[in-house]
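S.K.: One-letter residues, chain by chain:
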Amino acid sequence: METLQQLEEKLKIQLIQQLNLAEIKPENIVSDAPLFGDGGLGLDSIDALEIIVLIEKNYGLKIVNSEKVKEIFYSVRTLADHIYQNQKP
Amino acid sequence: MKNFISRYCIVRDSKINLNGKIIFEQETDLNSFLINAYRKFNINYAKFFKMDLLCKLAFIGSEILVKETGMLSKYKGNEIALVLSNRASSLDTDRNYLKTIENKENYFPSPSVFVYTLPNIMIGEISIRNKITGENAFFVSEKFDPELLFNYANSLLASDKTNCVLTGWTDVDKENYDAFIYLVEKTNPYPGTEHDKNQISALYYKG
Chain A
7 METLQQLEEK LKIQLIQQLN LAEIKPENIV SDAPLFGDGG LGLDSIDALE
57 IIVLIEKNYG LKIVNSEKVK EIFYSVRTLA DHIYQNQKP
Chain B
15 MKNFISRYCI VRDSKINLNG KIIFEQETDL NSFLINAYRK FNINYAKFFK
65 MDLLCKLAFI GSEILVKETG MLSKYKGNEI ALVLSNRASS LDTDRNYLKT
115 IENKENYFPS PSVFVYTLPN IMIGEISIRN KITGENAFFV SEKFDPELLF
165 NYANSLLASD KTNCVLTGWT DVDKENYDAF IYLVEKTNPY PGTEHDKNQI
215 SALYYKG
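Going down the list, the sequences are from chains A and B. Note that the first sequence covers residues 7 to 95 in our numbering. Note that the second sequence covers residues 15 to 221 in our numbering.
Calculated lysine to any residue pairs in the SDA-like style (CA-CA distance at most 25 Å, straight line):
1. A:K68 to B:N120
2. B:K118 to A:N64
3. B:K113 to A:A28
4. A:K63 to B:T114
5. A:K76 to A:G43
6. A:K63 to B:V127
7. B:K35 to B:T83
Looking from chain A toward chain B, a few residues come up when the C-beta cut is under 7 Å (computed):
8. N26
9. A28
10. L55
11. E56
12. V59
13. K63
These are computed hints drawn from the structure, not numbers from a lab. This one's a predicted model, so the numbers in the text were calculated from it and none came from an experiment. Cβ atoms here follow ideal geometry from the backbone N, Cα and C, with glycine treated the same way.
Kindly generate the complete structure, drawing on both the sequences and the hints.
M.R.: Here you go:
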């Protein structure tokens with residue numbers, strides 16, 4: 007089973023592809039930097055929806071608790087952690 | 015009252031033509047062509063890469079004209095109108111969106127594709143980029159319609175609210191693409207062309 011760090015690195019590649027972040031390289035994405043708003047990747051609400059699609063498509067996980075979304079989607083690390091904790095074996 | 019076509023840009027047949035001069039040329043697929051044009055003209059707008067082909071095409075044409083004419087320093091955002099048109103609507107993107115939902119076993123509708131399944135979104139993208147808040151309209155017609163664009167631009171300019179109109183035709187259908195975007199102003203700051211139906215047709219067809 008892959009480690010959390012490996013999952014983070016894989017997620018960075020998937021985010022770049024899914025969100026058409028053409029001018030960003032995986033090594034430029036800081037794992038604990040905010041994904042949304044200033045100071046991070048500057049993602050928007052459409053990107054949030056695409057991330058929901060990404061984790062369902064690639065990891066079989068649905069976001070059922072919308073109150074937790076902000077917390078889960080805060081950074082690559084929090085996203086990877088959520089997947090790591092909840093992914094079906 | 016006379017109005018003037020001060021500048022125009024045509025994107026067609028692997029070339030970008032600004033006022034009759036080829037400023038970029040590359041034989042490649044449309045997406046690569048537009049991305050390479052974006053880099054060639056040193057445009058810095060990350061959202062470009064999220065746009066569909068139709069928006070990328072309109073965006074590149076408008077960026078070139080905005081830089082060429084200095085229109086954003088001459089006019090306030092609410093004085094600029096945007097009037098665009100095409101034949102294929104957003105069909106190219108509609109097909110791409112369909113691919114994300116047609117397989118029930120692999121059903122993952124794409125929000126970022128879905129947002130481009132209306133052709134007037136290109137007007138939204140140009141408006142956001144340039145902070146344009148004037149009148150806007152989008153028309154779908156069987157073929158390029160100079161009379162429609164001529165009449166609509168003139169009616170806007172005759173009002174007190176609009177002092178220039180960025181207008182034209184931007185069409186994408188698979189690898190077929192055709193953009194003709196031009197700026198109509200009340201004054202004639204360059205040796206521009208008088209704004210009339212025949213001149214619009216002549217510029218469109220002569221390429």
